[in-house]
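*Asks:* The sequence shown begins at 1 in this note's numbering and counts up one residue at a time.
It is worth saying that the hints were derived from the structure and are not from the lab. Only a predicted model underlies this, so the values are computations on that prediction, with no experimental measurement involved. From the three backbone atoms N, C-alpha and C, an ideal C-beta is built for every residue, glycine too. It cannot be assumed that every hint is accurate.
Claimed, not checked - If you anchor each label on the Cβ, the simulated ranges turn out as follows:
1. Ser78 with His38: 31 to 41 Å
2. Glu50 with Ala87: 41 to 51 Å
3. His38 with Arg72: 18 to 28 Å
4. Gln12 with Gln53: 27 to 37 Å
5. Arg91 with Gln21: 23 to 33 Å
6. Ile18 with Gln53: 14 to 24 Å
7. Gln22 with Ser70: 30 to 40 Å
8. Leu62 with Ala88: 21 to 31 Å
9. Ile59 with Gln12: 23 to 33 Å
10. Ser16 with Asn57: 39 to 49 Å
11. Gln21 with Ile90: 47 to 57 Å
12. Gln12 with Ser78: 48 to 58 Å
13. Ile89 with Ser61: 40 to 50 Å
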Amino acid sequence: MSSRRTRSRAGQPPISRITDQQLADLAAQLWQLLPENHRNRLPNTVSASEVLQETCNYISSLRREVDDLSERLLRLLSTMDGDSDEAAIIRRFLERD
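Take these sequences, add in the hints, and give me the full structure.
*Replies:* As structure tokens, then:
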């Protein structure tokens, strides 16, 4: 696989480029981080763009799940005594970023 060239921009240091093999290795490592149900093919048959797309899909599903759980916690909190220890724990949890 060919190496991509490094170009200089006026007054800035050259941009470091990675080789196609390095990109493939990084994509394989990323693929291994996805849970099994998001890996429907073997890593050597999946392109880097497919790995990135599946990773983005997975992150989006995690965001939806977090939003859903936050909503459920807020609904639970609204049914609890606001001064209870349990309500305080939920509020502290929801305040975290």
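*Asks:* Now look at each hint and say whether the structure bears it out.
*Replies:* Here is how each hint holds up against the structure:
no., hint, result
1, Ser78 with His38: 31 to 41 Å, "holds (34 Å)"
2, Glu50 with Ala87: 41 to 51 Å, "holds (45 Å)"
3, His38 with Arg72: 18 to 28 Å, "holds (23 Å)"
4, Gln12 with Gln53: 27 to 37 Å, "holds (31 Å)"
5, Arg91 with Gln21: 23 to 33 Å, "violated (50 Å)"
6, Ile18 with Gln53: 14 to 24 Å, "holds (19 Å)"
7, Gln22 with Ser70: 30 to 40 Å, "holds (38 Å)"
8, Leu62 with Ala88: 21 to 31 Å, "holds (27 Å)"
9, Ile59 with Gln12: 23 to 33 Å, "holds (31 Å)"
10, Ser16 with Asn57: 39 to 49 Å, "violated (28 Å)"
11, Gln21 with Ile90: 47 to 57 Å, "holds (49 Å)"
12, Gln12 with Ser78: 48 to 58 Å, "holds (53 Å)"
13, Ile89 with Ser61: 40 to 50 Å, "violated (27 Å)"
Consistency with the previously given hints fails for numbers 5, 10 and 13, ordered from lowest to highest.
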